[in-house]
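Turn these sequences into a full structure, and let the hints steer you where they fit.
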Amino acid sequence: MTDKQKKKKAKKEVIITGFGGQGIIMAGRIIGMSAALGDHMHSVFTQSYGPESRGGACSAQVIISDAQIHYPYVMRPDILICMSQGGYDKFISEIKQEGILLIERDLVRPGALKRNFFSIPATRMAEDLGRKMMANIIMVGFCVSVTKVISKDAALDSVAKSVPKGTEEVNIRAFNKGYDYGLAILKGRGKKAAGQTGVTG
Amino acid sequence: MKPAINTGEHFITGDVACAEGAIAAGCRFFGGYPITPATEITEHLSARLPGVGGTFIQMEDEIAAIASVLGASWTGVKSMTATSGPGFSLMMENIGLGICTETPCVVVNVQRVGPSTGLPTQAAQGDMMQARWGSHGDYEIIVLSPSSPQEIFYQTITAFNMSETYRLPVLILADEIVGHMSEKVIIPDAKHIKTVSRSRPKGRKDRFKLYEPGPNGVAPMPAIGEGYNIHVTGLTHDTKGYPAMTVDTQKEMMARLTGKIQNNLKDIIKTESYRLDDAEIAIISYGISARTSLSAVDKARRQGIKAGLLRLITIWPFPEDQILKLAEKVKGFVTVEMNLGQIHLEVKRCAGGRAPAFLVGHPGGTIISPDTVVKVLQEAF
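Quick note, the sequences are listed as chains A and B, same order.
Using my numbering, the first residue of the first sequence is number 1176, and each one after it goes up by one.
Using my numbering, the first residue of the second sequence is number 7, and each one after it goes up by one.
The reader is advised that the hints may include incorrect statements.
As the list claims (entries may be wrong) - Partner residues aside, some chain A positions facing chain B, computed with beta carbon under 7 Å:
hint	residue
1	M1208
2	A1211
3	L1212
4	V1219
5	F1220
6	T1221
7	S1223
8	Y1246
9	G1365
Claimed, not checked - In silico lysine-lysine, DSS-like type, Cα no more than 30 Å apart, as pairs:
hint	chain 1	residue 1	chain 2	residue 2
10	B	K331	A	K1265
11	B	K276	B	K312
12	A	K1271	B	K381
13	B	K354	B	K276
14	B	K331	A	K1186
15	A	K1340	A	K1289
16	B	K381	A	K1186
17	B	K197	B	K211
18	B	K354	B	K335
19	B	K305	A	K1271
20	A	K1271	A	K1366
21	A	K1336	B	K197
22	A	K1366	A	K1323
23	B	K246	A	K1265
24	A	K1289	A	K1265
25	B	K381	B	K331
26	B	K208	B	K197
27	A	K1289	A	K1336
28	A	K1336	A	K1366
29	B	K197	B	K272
30	B	K335	B	K312
31	A	K1323	B	K305
32	B	K312	A	K1186
33	B	K276	B	K246
34	A	K1323	A	K1289
It is worth saying that the hints were derived from the structure and are not from the lab.
Built from N, CA and C at the ideal position, the CB exists for glycine as well.
Below you can see the structure in the form of structure tokens.
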């Protein structure tokens, strides 16, 4: 039983969604790769295939576990990362009650959502760094600090291995921007929670 | 030249793992025509093969692709191609030529939905019977089915080793999910990778007979240009390789083609059991559906249903004895596959009425969920 409980505890399912061209697939791959190679966990990465990878809605799935993963697809995400409204609308009903939702602030309007979420203007931040296409890397950094689903060292390694040669440095800067942004939010919420008892997140 | 074996830990797709397995096995010729979901095998080998002294050719279509592979193999080079459903159909005639001429090679089919163009390019396992009987005439064939990127790496090596040992095309039937999913793949040191090469003829060249079987029932194979008398034909041929249009020669040739497989079943058939020892229900599955089945076994066990899994690693020749033995001890079988019952019917045949056999299948397009399997386990028994 303890084995099973441990297994359940250590399994995390992640969905990243957006539109083709945002680097959704690369973001998923980086998370899966970090878990497998850097953190020495089991991980499976799958992606939606077809015309959506060329402009339409697009999604990547990652399962991370300390035990062998049998069924390779996400049943209900523990972590949902939305970089487009379409992706948000499609997947928001699937996130677990206690799951963590991360959104691109300028591209997703959550409406009257009755749950906590974390938002970041990743695309604007990427534009400030001179490359809009790094929004995915900023989002990965944000995800790592907020959810700790993979270690920072493992993520940095995977980012450097995954991005085009010659852009490693600027992408690592992008990752750190997202990471620090997440830390600042957590810190702010911590203070808020300490000041106002009963309110968390 | 780059090192041929990418020793280390990688996070790669099944397709790329297959390509790396081929190179590790000693494959130095690939002739192919790209088709999703097998394209990444072709793409990866186009980048890798020239760097290890190999040859990559994109042919004009799949018929030419398999033809180039057979030709390359006769020059003594380990050769392969990779395709999916529509391309696999085009390759059928020349796979038969490879069987008849006893030409070692590996053909990978990363299955997608059929018939015809189907549902591009979602997963299916609908080519299992085509792999067995798709080319005309009687024959034996070896077909393997991988469940993960790590397994397809090793299975590609095994496929080459078996094709070199038994001199025939060996088929790998993967599926879109295994082909496209990424997982950790550990590639060991070269010294831990066992590779087999076809046995070569010895003795006087003027007395050489191309198809005179060695002790294991398989004839040693020279390469074209080494000075041996070689005549390669798809016509019924005698041990010299010359056409001999008689019933007796056909009988003799077929005995050799089928005997070399039937007499080595122990070496060829590989299965894996999961929680099967005390199982009352035996799930039979393979490829990606076997991973659904592993989950289903655990879920069912938590509900008190004594299920176990026999995962087929070798699909053909079919593990008839294993199924028969299980039929004598279990209450029934459930075959889980992404088709309408191709392997299910084989299970039924081998069970021979000793235990009922049920199918959890559908015509492809999406993976089967563990809950679907568990529901059948609850309702059928």
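Enumerated hints in conflict with the structure, sorted upward = Violated: hints 7, 9, 10, 14, 15, 17, 23, 27, 28 and 33.
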